[in-house]
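Trainee: The chain contents come next:
Number of protein chains: 2
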Amino acid sequence: MRCSLGRALDVIGDWWSPLIIRDLFLGIGRFDELVEDLGISRNLLTRRLNLLAEAGVIERQAYQLRPRRWEYRLTAKGRDLVPALLALTEWGNRWAAPEEGPPMLFVHTGCGGPVTPTVVCSECGRPLQADEIRAVAGPGGAAGPGTRVLARRLTLPH
Amino acid sequence: MRCSLGRALDVIGDWWSPLIIRDLFLGIGRFDELVEDLGISRNLLTRRLNLLAEAGVIERQAYQLRPRRWEYRLTAKGRDLVPALLALTEWGNRWAAPEEGPPMLFVHTGCGGPVTPTVVCSECGRPLQADEIRAVAGPGGAAGPGTRVLARRLTLPH
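Protein chains in written order, with my numbering: chain C, 433 to 590; chain A, 433 to 590.
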C-alpha cells in the first residue's frame, strides 16, 4: 500500500489495537489489567502486543522478576497516534455515544479546560470539513495497490 | 462497548472500511471503481458497503437503470468522519510514508494552503499531545465491556 492511511491501518489495523493503545495511554499497561479491561483473550492480546511492538508503537518493561511480568507502554510513535484516536473518539461521542452521554471526557492539562479534540487546518487554524479539502499528488507517487484509480485522478499541486 | 472509541471502531472497525470511506471522500464511488482502486474482492466490498450503509455512514444512488448500477457516497455522519481519518493519514505520513515522501497531500480550499491536519484543543487551540491529556468520567458512565478497569480509575471532572 502506498497510501499513508493504508500504512497507518497496517499498524493499528484491527478493532483491538486502537483500544490497547487507548488503555496504555490511560495508564493501563499490565497484561492482566488489559485482559480484564478489554475482555480480550490472552492469546489474542499476546499476538496484538507483539505486532504493536514490532511496529514500534509500544515497548515493554519488566515490573517483576520472578516470575517475570511485563508492563507495556507507548513509544514516541505510539504517543503521537493518540491525538488521531482522540479525534476518532470524539466522532464516536457525536454519532454513537450511549443515550446518557459520553462515558469519558478529556481535560487538557495544558490549559485546564475540558477538551473537544478538533482537527484543524495547520495554516488557517479553522476546523477541517470534508468538502473543503482537495487531495493532490505528493512526492511519493500515488500509484500502487490501494490507489490504482486514485492515482489517475490526482492533480499536481499548484 | 461503552467507550466511544470502541463504538466508533464498531462502525469503521476493519482495515477496509476506512479506505472505502477515503475513496468515497475523494470521489471514487462506483462499485467497479472501488474494486479496481482498492484491489478488494467483490464479495468483501459488497459486505463492507452494506455494513457502512446500515451504520448510516454511506448511502447509495442508482446512476444507471438497466442494468441498475449503484454509486455510493458519504452521508453527513460519514463526511464528519473524514477529518479524523485525515489526522490518522497524517500520522501515517510522519511515521510510515514511502521513502520518497507521502503519496498524497491535501489542500484546504478554505484558505488555499497545503494542509497538515492537526488535532488541537477546542479551548486553547494548541496541538494536543498525549502527555497533556487526562481522562475523566463522563455522563454516560464508563463501566462496561471494554472499560472494566478504566471505570475504577477515572476521576470525576472538577
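Bear in mind the hints are in silico, worked out from the structure with no lab data behind them.
There's no promise every hint is true.
One copy or two, it doesn't matter: identical chains are merged, so the pair holds either way.
[As the list claims (entries may be wrong)] DMTMM-like, lysine to aspartate or glutamate: derived pairs with alpha carbons at most 25 Å apart:
{"#": "1", "residue 1": "Lys-509", "residue 2": "Asp-563"}
{"#": "2", "residue 1": "Lys-509", "residue 2": "Glu-531"}
{"#": "3", "residue 1": "Lys-509", "residue 2": "Asp-446"}
{"#": "4", "residue 1": "Lys-509", "residue 2": "Glu-532"}
{"#": "5", "residue 1": "Lys-509", "residue 2": "Asp-464"}
{"#": "6", "residue 1": "Lys-509", "residue 2": "Glu-564"}
{"#": "7", "residue 1": "Lys-509", "residue 2": "Glu-491"}
{"#": "8", "residue 1": "Lys-509", "residue 2": "Glu-465"}
{"#": "9", "residue 1": "Lys-509", "residue 2": "Glu-486"}
Trainee: Hints first: check each against the structure and report whether it holds.
Mentor: Now for the hints, and whether the structure bears them out:
no. : hint               : result
1   : Lys-509 to Asp-563 : between (30 Å within a copy, 13 Å between copies)
2   : Lys-509 to Glu-531 : between (34 Å within a copy, 17 Å between copies)
3   : Lys-509 to Asp-446 : both (18 Å within a copy, 21 Å between copies)
4   : Lys-509 to Glu-532 : between (34 Å within a copy, 20 Å between copies)
5   : Lys-509 to Asp-464 : within (24 Å within a copy, 36 Å between copies)
6   : Lys-509 to Glu-564 : between (29 Å within a copy, 16 Å between copies)
7   : Lys-509 to Glu-491 : within (11 Å within a copy, 35 Å between copies)
8   : Lys-509 to Glu-465 : within (23 Å within a copy, 34 Å between copies)
9   : Lys-509 to Glu-486 : within (12 Å within a copy, 34 Å between copies)
Violated hints for the displayed structure: none, as all numbered hints are satisfied.
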